[in-house]
Amino acid sequence: MDKSKIKSTFDKDYGVIISVEDEDTADLLDDFLTEKFFVFYNTRDKNGLKEFIFGFASSVERVQLIIDSFLKDV
Numbered sequence: 062m063d064k065s066k067i068k069s070t071f072d073k074d075y076g077v078i079i080s081v082e083d084e085d086t087a088d089l090l091d092d093f094l095t096e097k098f099f100v101f102y103n104t105r106d107k108n109g110l111k112e113f114i115f116g117f118a119s120s121v122e123r124v125q126l127i128i129d130s131f132l133k134d135v
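If you count by the working numbering, then the sequence shown holds residues 62 to 135, one letter each, in order.
Any given hint could be a false lead.
Said to hold, decoys possible - Using C-beta positions, here's what the derived DEER-type ranges look like:
id	residue 1	residue 2	range
1	V135	K73	14 to 20 Å
2	F117	K68	17 to 23 Å
3	T70	K133	28 to 34 Å
4	F117	D63	27 to 33 Å
5	D91	R123	17 to 23 Å
6	E96	D74	14 to 20 Å
7	K97	K73	25 to 31 Å
8	A118	D63	16 to 22 Å
9	E82	L126	16 to 22 Å
10	K133	D74	29 to 35 Å
11	N103	D83	16 to 22 Å
What the hints assert, rightly or not - Derived pair list, reagent style BS3-like, types lysine-lysine, alpha-carbon separation capped at 27 Å:
id	residue 1	residue 2
12	K111	K97
13	K111	K133
14	K64	K107
15	K73	K111
16	K97	K66
17	K97	K64
18	K68	K107
19	K68	K133
20	K107	K97
21	K97	K68
22	K64	K133
23	K111	K64
24	K66	K107
25	K133	K66
26	K133	K97
In case anyone wonders, no lab produced these hints; they're calculated from the structure. All C-beta atoms, glycine included, are put in the ideal place defined by N, C-alpha and C.
Could you put together the complete structure from these sequences and hints?
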């Protein structure tokens, strides 16, 4: 899996966001989040990216730990 296709950022309006470049990886991440982490998030499509929005209740560092766990799992 290409790690460069997944990144976490902080948006002043939405909080912490994971952006994924391709649909297959986004589907795998969605399954991972619901089956292994049980976290609340919202999704949207923006500029060809699938975004997972975690809001202001999380931090980029914590979400990066989720990404790292996901990359080890797939």
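Hint by hint, here is what the structure shows:
Checking the proposed 14 to 20 Å range against V135 and K73 shows it is violated: the Cβ atoms sit about 31 Å from each other. Hint check: F117 to K68, Cβ distance near 19 Å, so the stated range 17 to 23 Å holds. Between T70 and K133 the C-beta distance comes to about 21 Å, which lies outside the given range of 28 to 34 Å. The supplied range of 27 to 33 Å is met by F117 and D63, whose beta-carbon atoms lie about 29 Å from each other.
Checked against the given bound of 17 to 23 Å, the beta carbons of D91 and R123, roughly 18 Å apart, stay inside it. Taking 14 to 20 Å as the suggested C-beta distance range, the pair E96 and D74 does not conform, at roughly 29 Å. Distance hint check for K97 and K73: the Cβ-Cβ separation is about 29 Å, which falls inside the suggested range of 25 to 31 Å. A hinted range of 16 to 22 Å for the beta carbons of A118 and D63 is inconsistent with their spacing of about 29 Å.
As the Cβ distance of E82 to L126 is approximately 20 Å, the hint placing it in 16 to 22 Å holds. One distance hint, 29 to 35 Å for the beta-carbon pair K133 and D74, holds here, with the actual separation near 31 Å. Evaluation of the 16 to 22 Å hint for N103 and D83 yields a pass: the beta carbon distance comes to about 20 Å. Note on K111 and K97: the hinted pairing holds, with a Cα-Cα distance of about 20 Å set against a maximum of 27 Å.
Proximity of K111 to K133 is assessed by CA-CA distance (about 20 Å); at most 27 Å being required, the pair is judged to hold. A hinted pair counts as satisfied when its Cα atoms are at most 27 Å apart, and K64 with K107 qualifies at roughly 19 Å. About 18 Å separates the Cα atoms of K73 and K111, which keeps this hinted pair within 27 Å; it holds. A threshold of 27 Å between alpha carbons decides the hint, and for K97 with K66 the separation of about 21 Å falls inside it, so the pair holds.
With a C-alpha separation of about 20 Å, the suggested pair K97 and K64 falls inside the 27 Å cut-off, and the hint holds. This hinted pair checks out: K68 and K107 have alpha carbons roughly 14 Å apart, not beyond 27 Å. At roughly 15 Å between alpha-carbon atoms, K68 and K133 fall within 27 Å of each other, so this suggested pair holds. Distance restraint check for K107 and K97: the Cα-Cα separation of roughly 25 Å lies within the 27 Å cut-off, and the hinted pair is therefore satisfied.
This hinted pair checks out: K97 and K68 have alpha carbons roughly 19 Å apart, not beyond 27 Å. For the hint linking K64 to K133, the alpha-carbon distance of about 11 Å falls within 27 Å, and the restraint holds. Using a Cα cut-off of 27 Å, the hinted pair K111 and K64 holds, with the two alpha carbons roughly 15 Å apart. Only pairs whose Cα atoms come within 27 Å are accepted, and K66 paired with K107 is accepted, the gap being roughly 14 Å.
Restraint check for K133 and K66: satisfied, since their Cα atoms lie roughly 15 Å apart, inside the 27 Å limit. Proximity of K133 to K97 is assessed by CA-CA distance (about 13 Å); at most 27 Å being required, the pair is judged to hold.
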